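> Guided by the hints, dock chain X onto chain D, whose structure is given.
The listed protein sequences correspond, in order, to chains D and X. Counted from 1, the first sequence has number 149 at position 149 by our numbering; the numbering is strictly sequential. Counted from 1, the second sequence has number 206 at position 206 by our numbering; the numbering is strictly sequential.
No lab work stands behind these hints: they were computed from the structure. Model, not experiment: these values are computed from the prediction. All C-beta atoms, glycine included, are put in the ideal place defined by N, C-alpha and C. One or more of the hints may lead you astray.
[What the hints assert, rightly or not] Computed footprint of chain X on chain D, listed as stretches where at least three residues anywhere in the stretch have a Cβ under 8 Å from a Cβ of chain X: (1) 16–23; (2) 214–220.
[Stated by the list, open to error] Beta-carbon label-pair distances, calculated as ranges: (3) D:G178 <-> X:R98: 55 to 61 Å; (4) X:N63 <-> D:D56: 23 to 29 Å; (5) X:T189 <-> D:R65: 40 to 46 Å.
[Claimed, not checked] Beyond 10 Å from chain X on every Cβ pair, some chain D residues (computed): (6) D230; (7) E236; (8) A240.
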Amino acid sequence: MALFEAQHLHKRFADQVVLEDITLAFEENQISGIMGPNGAGKTTCFNVLTGRYKPDRGQVRFDGRDITGLPPRKIARHGIARSFQMMNLFDEYTALENIVLALPEVRAKGFSMTHDLAGDDGAQERGAAVLARIGLAGREHTPASDLSYGQRRALEIGIALAAEPRMLFLDEPTSGLGSDATATLAALIQEIRKSVTIVIIEHDMKFLFDLADRIAVIHWGQVIAQGTPDTLRDNEWVRASNLGALA
Amino acid sequence: MTDTPLLRVNQVRKTYSMGLLNKQVTFDLRADFSIEKPGIVGVMGPNGSGKTTLFELITGSNNPTEGQVLVCGQDIHQVRSDQRDRLAIHYHQSYQVRHFRKRRPNFMLRPSSTDYPMVHLFDEPQFNTQDGYIGFMLDFFRRLRDEGRLVVLCVHPNEPFHLQIMREICEQYIFVQKGRLSQAPDFDTLLQNPDVTAYLGDLVGGQAA
Chain D
1 MALFEAQHLH KRFADQVVLE DITLAFEENQ ISGIMGPNGA GKTTCFNVLT GRYKPDRGQV
61 RFDGRDITGL PPRKIARHGI ARSFQMMNLF DEYTALENIV LALPEVRAKG FSMTHDLAGD
121 DGAQERGAAV LARIGLAGRE HTPASDLSYG QRRALEIGIA LAAEPRMLFL DEPTSGLGSD
181 ATATLAALIQ EIRKSVTIVI IEHDMKFLFD LADRIAVIHW GQVIAQGTPD TLRDNEWVRA
241 SNLGALA
Chain X
1 MTDTPLLRVN QVRKTYSMGL LNKQVTFDLR ADFSIEKPGI VGVMGPNGSG KTTLFELITG
61 SNNPTEGQVL VCGQDIHQVR SDQRDRLAIH YHQSYQVRHF RKRRPNFMLR PSSTDYPMVH
121 LFDEPQFNTQ DGYIGFMLDF FRRLRDEGRL VVLCVHPNEP FHLQIMREIC EQYIFVQKGR
181 LSQAPDFDTL LQNPDVTAYL GDLVGGQAA
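Pulled out of the complex, with its shape left as it was, chain D reads as follows (with noise of 0.2 Å):
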């Protein structure tokens, strides 16, 4: 069984069908890929994934258990954190502090632990182990105001990582990065697929092909094709497009 799956999701807006039908299933250590056009529902699937958004219909299940509508921190709790594009960073604070502010003992203390946090040796280790994960060690005392754009991204993974979940969910990595920023972020991402089942949702499709064991391609709300990149690279159009060229 996979370690998350999405029955038969059904969302609209109003009269708008945003979500029609969805099934899909992320296999534990891997690096599951979900891809599609502008406007084609990904991000409301990854707000109904992650639970954001409840479906007006079908169910949401990880590691066997019902997680269906809900809300984010109670999802959070199971083990599944999110990425945000960069909205979750203090730019006054320093990487690490960043980080440590993410840690759930930290977090789980609350108001009356930031007094405390100076002196918590063990909180900074942990926070600096996990910068060196996202390969921003050295970079601890830097404010996060300082940091590149593609810096910045990297600390966002951190702080979902932070809570050490099984599974982590990136909504558009990509978006904003250069080319060399994207090539470091794939790099990073292959680091921590070592310890976290992933699940990218992302327009650049050149990226996931080259990251994802399986992607899912949305459009009108729907799961038009699924397969490994090499499956879904097999078809005369793909292989005609840029994406074809680059592959």
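Chain X only, in chain D's frame:
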């Protein structure tokens, strides 16, 4: 299934008129056709010819002035408005959705007899050769057909490959012009219609051979 057609557009007429004392019909769409079996139907025609209105009438979002639309034998305009997309679903072009007044409350109407739409109407999907999505879209149309659905694909061709796609995927055609429909059983028959060749202009040069 019995021999009920998948889609029956029965003597449908939609008119829009202007003026009060001296009423003048500004738009008049007439449609009368049946599609018996699952398949992929191509719809072409100039802008303003009535393609989108036809789709709205088939999905029940817009009310016909006369006639009925039967999807698997069920009159879609007698189905609860929030369940009509269980019968026929309209994938709008770029989310340009027109809203129409509802005539009757849902509790007075019938539930849909199916759960996953039987008729899928794609209104000018964006075909872009650069990203390769076309291949997945065409395979999806075929899959819907193979699963017993009717796919209606509306394209306003402005590139030779648009015509190539229509020829490759569609099994019959409907040409809409000034509110009138003409049907063609295959691509070559379609191109024998002088209105069609006039509409397609230079695009048919490489395709007609």
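> Give a verdict on every hint.
Results of checking the hints against the structure:
For the stretch 16–23 of chain D, the assignment as covered by chain X holds, since 4 residues bring a beta-carbon within under 8 Å of that chain's beta-carbons and 3 suffice. Chain X is given as covering the stretch 214–220 of chain D, and this holds because 3 residues of the stretch bring a CB closer than 8 Å to a CB of that chain, at least three being needed. Checked against the given bound of 55 to 61 Å, the beta carbons of G178 of chain D and R98 of chain X, roughly 41 Å apart, lie outside it. As the Cβ distance of N63 of chain X to D56 of chain D is approximately 25 Å, the hint placing it in 23 to 29 Å holds.
Checking the proposed 40 to 46 Å range against T189 of chain X and R65 of chain D shows it is violated: the Cβ atoms sit about 57 Å from each other. With a least CB separation of 14 Å from chain X, D230 of chain D remains clear of the 10 Å interface cut-off, as annotated. For E236 of chain D, the shortest C-beta to C-beta distance to chain X comes to about 6 Å, within the 10 Å cut-off, and the non-interface label is violated. Not every C-beta of chain X lies more than 10 Å from that of A240 of chain D, the closest at about 7 Å, which undercuts listing it as non-interface.
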